[in-house]
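**Q** Chains as they are written, first to last, in our numbering: chain A, 1 to 373; chain B, 1 to 261.
In case anyone wonders, no lab produced these hints; they're calculated from the structure. One thing to keep in mind: the hints can contain errors.
List of simulated lysine-lysine pairs, DSS-like, C-alpha gap at most 25 Å [claimed, not checked]:
no.: 1; chain 1: A; residue 1: K346; chain 2: A; residue 2: K256
no.: 2; chain 1: B; residue 1: K259; chain 2: A; residue 2: K141
no.: 3; chain 1: B; residue 1: K151; chain 2: A; residue 2: K256
no.: 4; chain 1: A; residue 1: K264; chain 2: B; residue 2: K151
no.: 5; chain 1: A; residue 1: K256; chain 2: A; residue 2: K237
no.: 6; chain 1: B; residue 1: K171; chain 2: B; residue 2: K70
no.: 7; chain 1: A; residue 1: K223; chain 2: A; residue 2: K283
no.: 8; chain 1: A; residue 1: K256; chain 2: A; residue 2: K223
no.: 9; chain 1: A; residue 1: K237; chain 2: A; residue 2: K264
no.: 10; chain 1: A; residue 1: K346; chain 2: A; residue 2: K237
no.: 11; chain 1: B; residue 1: K151; chain 2: A; residue 2: K237
no.: 12; chain 1: A; residue 1: K264; chain 2: A; residue 2: K346
To spell it out: a stretch of chain A is covered by chain B in this simulated footprint if at least three of its residues, at any positions, have a beta carbon under 8 Å from a beta carbon of chain B; those stretches are [to be verified]:
no.: 13; segment: 58-65
no.: 14; segment: 107-121
no.: 15; segment: 135-149
no.: 16; segment: 229-235
no.: 17; segment: 240-251
no.: 18; segment: 298-309
Facing chain A, a subset of chain B residues (Cβ under 7 Å, in silico) [claimed, not checked]:
no.: 19; residue: V152
no.: 20; residue: L156
no.: 21; residue: G191
no.: 22; residue: P196
no.: 23; residue: V197
no.: 24; residue: N199
no.: 25; residue: L201
no.: 26; residue: D202
no.: 27; residue: K222
no.: 28; residue: G225
no.: 29; residue: G226
no.: 30; residue: L227
no.: 31; residue: A260
no.: 32; residue: A261
Every residue gets a Cβ at the ideal spot worked out from N, C-alpha and C, and that includes glycine.
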Amino acid sequence: MSEHGTQPTGDQVNQVNQPGAPVSPHQGLEHRPAQQLDEVSGDGSGGIPERFSDPGLPPHVPRSADLDELAARRAERQVAALFSVSMVATVVFLVAYFVIDQGSYTFIPGIGLASLSNIVLGVSLGVSLLCIGLGAVHWAKTLMPDTDVTEERHPQRSSDEARSDAVETIVAGGSASQLGRRPLIKYTLAGALGLFAIPLLVQLTGSLGPLPRADLSNTFWRKGMRLMRDPEMTPIKASDVTVGSFYHVLPEGIDKSEHVLEEKAKAAVVLISLPPGAIQVPKERDWGVDGIVAYSKICTHVGCPVGLYEHRTHLLMCPCHQSTFDVTRDAEVLFGPAHRPLPQLKITVDAQGYLIAAAPFLQPVGPSFWERA
Amino acid sequence: MKALGSHRRHPAAIVVLLLLGLVVTGGLYSLLAPRTAQAAVASADDVAAGRKLFLANCATCHGISGQGGKVGPSLVGAGAAAVDFQVGTGRMPLAGSAVPQAPRGRQVRFTNQEIANMAAYVATLGPGPAIPDSQYTQGGGNIARGNQLFKVNCALCHNFAGSGGALSHGKYAPSLRNVTGKHIYEAMLTGPQSMPVFNDLDISPTDKNDIISYLHELDRNKNPGGLSLGNLGPVSEGMFVWVFGLGLLIGAAVWLGAKAA
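Use the sequences and the hints to build the structure in full.
**A** Rendered as structure tokens:
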């Protein structure tokens, strides 16, 4: 253990630096000539000593405040000044708290138009706390003792007498309890203690909540559900979707589901209307309606909402890590950390001309998980 | 009733009935159908003046009759709203084609009348969105609803505070600060540059006005802490902490480790 600024006291504390060497109180402070590695030394033969000797602590250099009482007085005044500044800042805080109107805005150079109350309260409290810290550190560095102190480790082992006493006590206690003589108590106690552990384990595992089952693979989408605008929750007519449009879509009835946020986090969809001939993958065309296609809005990387759409390049981007998907090629990944294309939602129109899901998502949406096929 | 009843087997009855049905349906449709706006009726003189301006300033890229060229897209069906947005915000005419997208201009190169004339001319090239009714571009709507719509539809590209953000290949979503309500509406309607279209059947005119109200509220919003660092989120704020926060900590560590004189 090394302490800074504490004078050695008692037998336990020694200013020593060589384990196993005879203890002498001031050995650590002696200045030793440094070994030159490129010279033949007396201990070794090949130019490098067989064993490096501990160079010990560097010599203590007294500070100006240690030698000069005037310097010490100056340091004292500096510390006191820092503490005084802290007091003034605290008073400024208290006054400002009651005096400055919270709604008043002032132009402050370098910061711009800001709430005067916020700035004054923050700066005064900051200065107040900072000056206490600066004063304490300055005090410790200039005036408190700065001699290096080493404390040696001691053997942990107790004396042989204490050890045999302890063993004796335990053995005596064991025989006094008559456990060895009365097996009925021994076995029932073991049974009681063993059973008692089970409620603990049951509560622990039981409170982990229900098993996830297939929640990660399934979304709220079912066949025949209408595509609804987010957040208006109104259905979308296929004829209203002009080329170049981009809709944020949720399944019909999701706002009345039991866990709305959890369901939204999986079921969010973007609806994109592509110009004729832009789609290059037959499956994508078949799963859409006249160039209108729906893709999961949940990024396959870590599940951010993939909502940046460039309608000239037909790129869909994720704002979190810039994964870029090409909507003309079945949302293939062009760039970024995402590994899989976005799953497509197969859509069609119902009798009234509204867009509906022709099938639920056929593969899990969002990021990978262990059981994902 | 009797007179009508006596004529119901007349050969002309079916024609009259058909006509009546058509008139009623058409009349009802024109009354109830969602309207983008009523473009101010442009006279033939306006269109002619607009055509002159178009030939002088736009035809190099967009073609003599707006059919598009190697550099500029076709303006057939672009509509008056697209012209009013692109020219009215100083994005067009674009000086060079070497930029990834036309930036918002420092100054608008044409007077309002000239822009209106060009818009009227482009509107004659093909049916397209008209300049929106000022009723829906003034703001003063439901700010909370506008915020909700903005967060879902716009914030992904334009940032939560409308500060804009990066897109692919040097393109970007511009800042929405201090943009007039009319231009915000027209951008949603026409989908300029990389922006997708949000037509009036997707986001209704009232909803668009709510979004405009929210954006105008953002413009008026004061920042109690000052120094917003561009409202860009973790990039600028993280940079600030890395430079100044860590700098301060390193300075403090050096001072703590230094021995007193």
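**Q** Please go over all the hints and tell whether each is borne out by the structure.
**A** We went through each hint and held it up to the structure:
With a CA separation close to 23 Å, the supplied pair A/K346 and A/K256 stays within the 25 Å bound. The suggested pairing of B/K259 with A/K141 holds, with an alpha-carbon distance near 7 Å, which does not exceed 25 Å. Restraint check for B/K151 and A/K256: satisfied, since their Cα atoms lie roughly 21 Å apart, inside the 25 Å limit. Taking the CA atoms of A/K264 and B/K151, the gap is about 15 Å. The hint holds against a cut of 25 Å.
A C-alpha spacing of about 22 Å is found between A/K256 and A/K237, which places the hinted pair at or below 25 Å, so the restraint holds. Of the pairs offered as hints, the one joining B/K171 and B/K70 holds, with about 20 Å between alpha carbons and a cut-off of 25 Å not exceeded. For the hint pairing A/K223 with A/K283, the CA-to-CA distance comes to about 18 Å; that is within 25 Å, so the pair holds. A hinted pair counts as satisfied when its Cα atoms are at most 25 Å apart, and A/K256 with A/K223 qualifies at roughly 18 Å.
Between the alpha carbons of A/K237 and A/K264 the distance comes to roughly 22 Å, so the proposed pair stays at or under 25 Å and holds. The suggested pairing of A/K346 with A/K237 holds, with an alpha-carbon distance near 16 Å, which does not exceed 25 Å. Annotation: proposed proximity of B/K151 to A/K237 holds, straight-line Cα distance about 23 Å (limit 25 Å). Distance check on the hinted pair: A/K264 and A/K346 sit about 18 Å apart at the alpha-carbon level, within 25 Å; holds.
For a cut-off of 8 Å, the count of residues in the segment 58-65 of chain A with a CB near a CB of chain B stands at 4, and the three-residue condition holds. Proximity of the segment 107-121 of chain A to chain B, defined as three or more residues with a beta carbon under 8 Å from a beta carbon of that chain, is established by the 9 residues found. Given a C-beta distance limit of less than 8 Å, the hint that chain B covers the segment 135-149 of chain A holds, as 4 residues qualify and 3 suffice. Counting residues of the segment 229-235 of chain A whose beta-carbon sits less than 8 Å from any beta-carbon of chain B gives 4, enough to reach three: the coverage restraint holds.
Beta-carbon proximity to chain B at under 8 Å applies to 9 residues in the segment 240-251 of chain A; the threshold of 3 is reached and the given coverage holds. Against chain B, the segment 298-309 of chain A contributes 4 residues with a C-beta closer than 8 Å to a partner C-beta. That satisfies the three-residue criterion, and the hint holds. With a cut of 7 Å, the hint placing B/V152 at the interface with chain A holds, because the nearest CB-to-CB distance is about 5 Å. With its C-beta approaching chain A no nearer than about 3 Å, B/L156 sits inside the 7 Å limit, and its interface hint holds.
With a cut of 7 Å, the hint placing B/G191 at the interface with chain A holds, because the nearest CB-to-CB distance is about 5 Å. Because the closest C-beta pair between B/P196 and chain A is about 3 Å apart, less than 7 Å, the hint holds. Proximity of B/V197 to chain A holds as hinted, the smallest CB-CB distance being about 4 Å (cut-off 7 Å). With a least beta-carbon distance of about 5 Å to chain A, the hint placing B/N199 at the interface is held under the 7 Å criterion.
A least Cβ separation of about 4 Å between B/L201 and chain A falls short of the 7 Å threshold, and the interface hint therefore holds. Taken as an interface hint, B/D202 checks out: its beta carbon lies about 6 Å from the nearest beta carbon of chain A, inside 7 Å. This hint holds: B/K222 has a C-beta 6 Å from the nearest C-beta of chain A, less than the 7 Å allowed. Given hint, B/G225 at the interface with chain A, holds; its Cβ is 6 Å from that chain's nearest Cβ, closer than 7 Å.
With 7 Å as the threshold, the beta carbon of B/G226 comes within range of chain A, its nearest partner Cβ sitting at about 3 Å, so the hint holds. Nearest Cβ of chain A to the Cβ of B/L227: about 5 Å, under the 7 Å cut. The hint holds. This hint holds: B/A260 has a C-beta 4 Å from the nearest C-beta of chain A, less than the 7 Å allowed. Among the interface hints, the one on B/A261 holds; its C-beta lies about 5 Å from the nearest C-beta in chain A, closer than the 7 Å criterion.
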